[in-house]
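Can you build the whole structure from these sequences, using the hints too?
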Amino acid sequence: MGPGTAIEKSLGVAALAAMLVGSYVGLVVVPADAAQGNVQRLMYVHVPAAWLAFLAFFIVFVMSVLYLIQRDERWDRVAASSAEIGVVFTVVTLLLGMMWGKPTWGVFWTWDPRLTTTAILLAIYVGYGALRSFADDAEQRARWSAIVGVIGFANVPIVYMSVTWWRTLHQPPSSPRSVAPDILWTLMLNLGAFTLVYAYLMVRRIRLARLEGELEKRMAYNA
Amino acid sequence: MRKWNVVGVVYVLALILLWFYTGRVEMDNRGFVVAGYGLTWAALLWYAFRLESRERTTARAVDSLEVAGTGD
Amino acid sequence: MSVLHRAWAIVWKDLLIEARTKQSFNAMVFFAALVLFIFSFALGPDTELLQRVAGGLLWVGIAFTGLLSLSRTYQNEETSGGLEGLRAYPGDPRAIYLGKLLGNIVMLLLVEAVLFPAAGILFQANLWPYAGGLAAVAVLGTIGFSLVGTFYSALTVNLRAREVMLPLLLFPALVPVLLGAVNATTLILEGDLMGEAIVWLRVLGAFDIIFFVICIWIFPIALEE
Chain S
1 MGPGTAIEKS LGVAALAAML VGSYVGLVVV PADAAQGNVQ RLMYVHVPAA WLAFLAFFIV
61 FVMSVLYLIQ RDERWDRVAA SSAEIGVVFT VVTLLLGMMW GKPTWGVFWT WDPRLTTTAI
121 LLAIYVGYGA LRSFADDAEQ RARWSAIVGV IGFANVPIVY MSVTWWRTLH QPPSSPRSVA
181 PDILWTLMLN LGAFTLVYAY LMVRRIRLAR LEGELEKRMA YNA
Chain X
1 MRKWNVVGVV YVLALILLWF YTGRVEMDNR GFVVAGYGLT WAALLWYAFR LESRERTTAR
61 AVDSLEVAGT GD
Chain C
1 MSVLHRAWAI VWKDLLIEAR TKQSFNAMVF FAALVLFIFS FALGPDTELL QRVAGGLLWV
61 GIAFTGLLSL SRTYQNEETS GGLEGLRAYP GDPRAIYLGK LLGNIVMLLL VEAVLFPAAG
121 ILFQANLWPY AGGLAAVAVL GTIGFSLVGT FYSALTVNLR AREVMLPLLL FPALVPVLLG
181 AVNATTLILE GDLMGEAIVW LRVLGAFDII FFVICIWIFP IALEE
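Protein chains in written order, with our numbering: chain S, 1 to 223; chain X, 1 to 72; chain C, 1 to 225.
Just to be clear, a hint being listed does not mean it is correct.
[What the hints assert, rightly or not] Computed list of lysine to aspartate or glutamate pairs in DMTMM-like fashion (alpha-carbon distance at most 25 Å, straight line):
id	chain 1	residue 1	chain 2	residue 2
1	S	Lys-9	X	Asp-63
2	S	Lys-9	S	Glu-214
3	S	Lys-102	S	Asp-33
4	S	Lys-9	X	Glu-52
5	S	Lys-217	X	Glu-66
6	S	Lys-102	S	Asp-112
7	S	Lys-217	C	Glu-224
8	S	Lys-217	S	Glu-73
9	S	Lys-217	S	Glu-139
10	S	Lys-217	S	Asp-72
11	S	Lys-9	X	Glu-55
12	S	Lys-217	X	Glu-52
13	C	Lys-13	C	Asp-92
14	S	Lys-217	X	Glu-55
15	C	Lys-13	C	Glu-84
16	C	Lys-22	C	Glu-163
17	S	Lys-217	S	Asp-136
18	C	Lys-13	C	Glu-224
19	S	Lys-217	S	Asp-137
20	S	Lys-9	S	Glu-212
21	S	Lys-217	X	Asp-63
[What the hints assert, rightly or not] Now the stretches of chain C that chain S is said to cover, found in silico as 3 or more residues with beta-carbon under 8 Å:
id	region
22	166 to 180
23	203 to 210
Hint data in this document are derived by calculation from the structure and do not stem from the laboratory. Idealized CB from N, CA, C, for every residue including glycine.
Written out as structure tokens, the structure is:
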């Protein structure tokens, strides 16, 4: 098997092209926001990154449930891959959020429900990764990560609601502004681009997971 | 050693950037935005290339070992 | 023997061992008091400030102390080989979870019985008028903490770097419990003029029920060979 099938390569090219177009539109083509100025452009990368992170973790959840039911190691591989990629997207989301927050809110961090929940998501899936690296037996590793994957994700809605209550019992939630069509389609464009990137990274990462599994088997056999 | 140098450089760069941004808080700062996009690209590209190199290393290791026996 | 019977047997055994050695309890109380003491020093002599943050500090103290006790949940079984020792128990593994859970809850509540009055003294807050509400928060919060803690403790008992893995896995999962407990405690201590504490108590209650069901259900899978 060569370093990539034709489908993989075209997926990669498509992702790259879409990202280039998306970034160009977001940075240059779309006019700056009336209220927030140029800093608002960060939303075109921040929001898609956040959505993809969440999608990635949702997939971890689904794969974890599937694994616990069917005990097929393929589900475990997909789960682990999605978790790793999700962490990358989450870190990007948080960093971009902080970069956007400093000029607009005046602070790098605030205990806003979404921001707080995102940070907690990061902690959960870093823990997921750490658990995997410390578990030596492949079946145990898959089983325990699946458990953590299920519990971690099930906790997210509860966390989100708790933090929302925490923040809004004393202050009313801000009303969302209506979104101009320009902003909306630039957002959609970048969302599509990020989704292609996720798909491409998933294909690569799953293949790596398969290779690692094979390596483990061979090392056990040759030991 | 190379790996640690990269991490060290990134860390120092991050501190410098942090100091820089903490001092200049203008809404219309386009540099901010470009840096943000740059960060996104850098992270995604870095991860993609890391995947590639991990894949190569693992594939090499797999090839160097005997296939696991049948009836596993 | 039914699940409850077995669970009770485990609780009784662990508590008996604890009552004889008083190992854990003394260490936990000492540690908790130390944490509160250090916080008082760090925040300075401003009484008003201390009273405002008393709720948060209390639960930070409880969380750290609870963590200390959690890592020793399965210690009695560890000497006979960790998870293998646990798997050797006859019957439904859920009994093990229930037993350990009850043991952890009892131990933590006993420590809190000492900690709350100590906090009252250190932070110069009069707790007696609010004893009922505080007791409710303490019970619901402790149950929530112990539910997830006992579960993850079993997962990490055989892991390398266990001391790091347990808090790393545990604390993100505990966010609703900590938020609920701290906010309810703070509101109660302030007199809770708008009756908001009940919302947080409901959050705690919901969390407890949801995770009791999930953890009891999944525990046998965690313990599988």
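We went through each hint and held it up to the structure:
Restraint check for S:Lys-9 and X:Asp-63: the C-alpha separation of about 23 Å stays at or below 25 Å, so the hint holds. In summary, the hint linking S:Lys-9 to S:Glu-214 is supported, as the alpha carbons are separated by about 23 Å, within the 25 Å threshold. Simply put, S:Lys-102 and S:Asp-33 have alpha-carbon atoms about 17 Å apart, close enough for the 25 Å limit, and the pair holds. About 13 Å separates the Cα atoms of S:Lys-9 and X:Glu-52, which keeps this hinted pair within 25 Å; it holds.
For the hint pairing S:Lys-217 with X:Glu-66, the CA-to-CA distance comes to about 10 Å; that is within 25 Å, so the pair holds. Of the supplied pair hints, the one linking S:Lys-102 and S:Asp-112 holds, its CA atoms being roughly 14 Å apart against a limit of 25 Å. Using a Cα cut-off of 25 Å, the hinted pair S:Lys-217 and C:Glu-224 holds, with the two alpha carbons roughly 21 Å apart. The suggested pairing of S:Lys-217 with S:Glu-73 holds, with an alpha-carbon distance near 13 Å, which does not exceed 25 Å.
Proposed proximity of S:Lys-217 and S:Glu-139 is supported: the alpha carbons are some 12 Å apart, at most 25 Å. Straight-line distance between C-alpha atoms of S:Lys-217 and S:Asp-72 comes to about 16 Å, which keeps the hinted pair within the 25 Å bound. This hinted pair checks out: S:Lys-9 and X:Glu-55 have alpha carbons roughly 15 Å apart, not beyond 25 Å. A hinted pair counts as satisfied when its Cα atoms are at most 25 Å apart, and S:Lys-217 with X:Glu-52 qualifies at roughly 21 Å.
With a C-alpha separation of about 17 Å, the suggested pairing of C:Lys-13 with C:Asp-92 holds against the 25 Å cut-off. Proposed proximity of S:Lys-217 and X:Glu-55 is supported: the alpha carbons are some 16 Å apart, at most 25 Å. Between C:Lys-13 and C:Glu-84 the alpha-carbon distance is near 19 Å, which keeps this suggested pair within the 25 Å criterion. Proximity of C:Lys-22 to C:Glu-163 is assessed by CA-CA distance (about 22 Å); at most 25 Å being required, the pair is judged to hold.
Taking the CA atoms of S:Lys-217 and S:Asp-136, the gap is near 12 Å; set against the 25 Å cutoff, the hint holds. With a C-alpha separation of about 24 Å, the suggested pairing of C:Lys-13 with C:Glu-224 holds against the 25 Å cut-off. Taking the CA atoms of S:Lys-217 and S:Asp-137, the gap is about 11 Å. The hint holds against a cut of 25 Å. For the given pair, S:Lys-9 sits about 21 Å from S:Glu-212 by alpha-carbon distance, which is consistent with the 25 Å threshold.
Annotation: proposed proximity of S:Lys-217 to X:Asp-63 holds, straight-line Cα distance about 12 Å (limit 25 Å). Look at the region 166 to 180 of chain C against chain S: 9 of its residues bring a Cβ nearer than 8 Å to a Cβ of that chain, three or more, so the hint holds. Counting residues of the region 203 to 210 of chain C whose beta carbon lies closer than 8 Å to any beta carbon of chain S gives 4, which meets the minimum of three for the stated coverage.
Comparing the model with each numbered hint stated earlier shows that all of them hold.
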